[in-house]
Amino acid sequence: MPSQDADKKRVDPENLPQAPSRRVGENLVEVDNVTFGYDRRIVLKGISLAVRRGLVVAIMGGSGCGKTTTFRLIGGELKPMSGEVRVAGRIVNRLSTRELFELRRKTGMLFQFGALFTDLSVFENVAFPMREHTDLPEALVHDLVMMKLQAVGLRGAASLMPSELSGGMARRVALARSTALDPMLMLYDEPFAGLDPISLGVIGRLIRRLNDALGATSIIVTHDVVEALQIVDYVYFMSEGKIVARGTPAEIRASKDAFVHQFVHGEFDGPVSFQYPAPDYRQDLFAQAA
Amino acid sequence: MMSRKELDLWVGVFVAIGLGALLFLALKVANLSAFSTSQTYAIIARFDNIGGLKVRAPVKAAGVVVGRVSEVGFDNQTFEATVTMSIDGRYKFPRDTSAKILTSGLLGEQYIGLSAGGDTAELKDGDTLKITQSAVVLENLISQFLYSKAAEGDNKKPQ
Amino acid sequence: MRKRITELLRDLGARVTGWIWRLGFASRFFAVMLLQSGTSFRRFHLTIREIYFAGVLSLVIILVSGLFVGMVLGLQGYDTLVRYGSAEALGVLVALSLLRELGPVVAALLFASRAGSAITAEIGLMKATEQLAAMEMMAVDPIARVVAPRFWAGVLSMPLLAALFSAMGIFGGYLVGVRMIGVDAGSFWSQMQSTVDFHEDVLNGVIKSAVFGVAITWIAVLEGYDAPPTAEGVSRATTRTVVTSSLAVLALDFVMTALMFRGV
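Residue numbers (the numbering used here), protein chains in the order written: chain A, 1 to 290; chain B, 1 to 159; chain C, 1 to 264.
It should be emphasised that the hints constitute simulated quantities derived from the structure, not laboratory data. There could be a bad hint or two in this list.
Below, simulated SDA-like cross-link-like pairs (lysine to any residue); rule was C-alpha separation at most 25 angstroms, straight line [as the list claims (entries may be wrong)]: (1) B:K5 <-> A:S159; (2) A:K106 <-> A:D212; (3) B:K5 <-> A:L120; (4) B:K60 <-> C:V92; (5) B:K28 <-> C:L67; (6) B:K130 <-> B:T103; (7) B:K124 <-> B:P94; (8) B:K60 <-> C:S190; (9) A:K106 <-> A:E84; (10) A:K256 <-> A:L49; (11) A:K242 <-> A:A278; (12) B:K54 <-> C:Q193; (13) B:K28 <-> C:W189; (14) B:K28 <-> C:L203; (15) B:K5 <-> A:L136; (16) A:K79 <-> C:D141; (17) B:K28 <-> C:M260; (18) B:K92 <-> B:G118; (19) B:K60 <-> C:S187; (20) B:K54 <-> C:Q191; (21) B:K5 <-> B:I17; (22) B:K28 <-> C:S65; (23) A:K45 <-> A:P271; (24) B:K5 <-> C:V56; (25) B:K28 <-> C:L81; (26) B:K28 <-> B:Q39; (27) B:K5 <-> A:H142; (28) B:K130 <-> B:P58; (29) A:K256 <-> A:E240; (30) A:K79 <-> C:T129; (31) A:K79 <-> C:V32; (32) B:K5 <-> C:G38; (33) B:K28 <-> C:F198; (34) B:K92 <-> B:A62.
Looking at chain A on its own, in the form it has when it is part of the complex:
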């Protein structure tokens, strides 16, 4: 008997969510000439980008360039001031609460430091989306959680609490949690930040593997060039609220663009200048003496 509960959606065996097919050439996410700002500060100045289904795409740039804001717009946390953000053809900021709810169930988001629920164990964290959104019996939930943890290599840590995990482990658990309902779109916010080289490699491989296994689409926001270029299919470079370069990893590595070059090779000075804008040096120095 279908429950009237607004909080949980019963998984109807007739209509199980289909694993999204890889319809190559179709854009899952489209950002169309979006402008966004906080109060008076404009952060994004009319950016446009598209992400094809089945691909892993990176949005890269320095701190404060607007990549996290773009990320939040795609996730529906923020609404653009002008322009549209479309996911699976639907305009995100025009969705009703129920439709947004549906969209979020099919989207997995990995936050920068994992954002695990500190009062729940690893097992319960991964089981959380399943318990909230489905009516699956506990035995089934248990098996699914174990499978997810196995996929990220942490099945043995199921009974630990988040405070007992290292950064890399916490992020892997968060990864397992965000893929719990087999989402069609995965969003990663700085997944490589602050990790040791081994964990870096592990997370990178997991992102690629999960994307391909789930037939999903992934968007990674990062400034870890080395790792990102190894696993992604396409890159967008942002600087000061605009997209300044784009291309496949091969194109990026071979790029002669000054900004790309400075970013990829970690150069000291270039389009992103070393000195913060300041008045004339001599004037500043001797102004005190005057």
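For chain A, the structure is supplied; the task is to place chains B and C on it using the hints.
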């Protein structure tokens, strides 16, 4: 992280002792007795003046609380106060019982005192008492006293 | 000089509008919280968990404080009453003081500083570590799942804690008055029982503590939810909870006392 069973246990204990404290306060500390749960019947009494009588004031007979004042009303035809009392069902009173409004102590709160008469028939639910004595109002008492003093003085005047 | 005055006035105006804006925000938040309360009752184990953290863990401080307050009342009360030869009224003094005022108010202040601050810190920390955002992105409303259960737990715990405080206090007064000092046990209890009225005193005290519970928990969850997601922001919010809810409790106490005990 405590298991759900442990949590439930502790919360259950907490609620139990909390309610227990409330019960203690209600029964042992305050005057909530078997009264409100037992059967009561209503009697009405009319007074010229009820003074400071309030709802929930005690109704006593021979000094023992046998009921409570449940309602105080005003009869616009006879211009009297009508007081409805809830009397404990265990106690029956004869039909010629009288009611007086008394004060506990010198300046305490007011209550109704019932004096049983000698009638064999009993008061039933909804009956009205025939004999009542109104409250003593302090101002009237003082003016009475002054008047009688003045009258005395008059009498003592040389004829 | 004139510039200074206009500046001050503008500052004052901004402050006042700031308060009014905040009050509006707080009311909207309250309404949303009430609307989202279905989950707190349908999945009652969530609320039970919060009752444990807010109520059960406050038991020790409430019971111990209640005992001491009652004992002090016994001492001080006897000291004053014995001068007028009314030592037997000690029970009445202790009981009425606790039931009407000290029980609800002191228990509320203790609850605010212990449970209220903990709730604010918890929610603020969840916000700072992006747990609330993660929940939202998983299509689970954090207000329904995190905030509302804590609110109802506070509202339900507060009257029980106040009753326990009063009961312990009366026991403390009995210990000091009857056992230590030697006031007659019979008159201690009998005078108390004949003077304390259930509706007037006990029930009014319960109503007060329920209102305090609403006020304190509302402020606590609001400050937590609204805290800036930094360590400093959370700690400031926690302090604000304790201060604001304590003031609210005292102000509400005055208003309710005036309404309830005016005609006595």
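Hint by hint, where does the structure go against what was stated? Just the numbers, ascending. none
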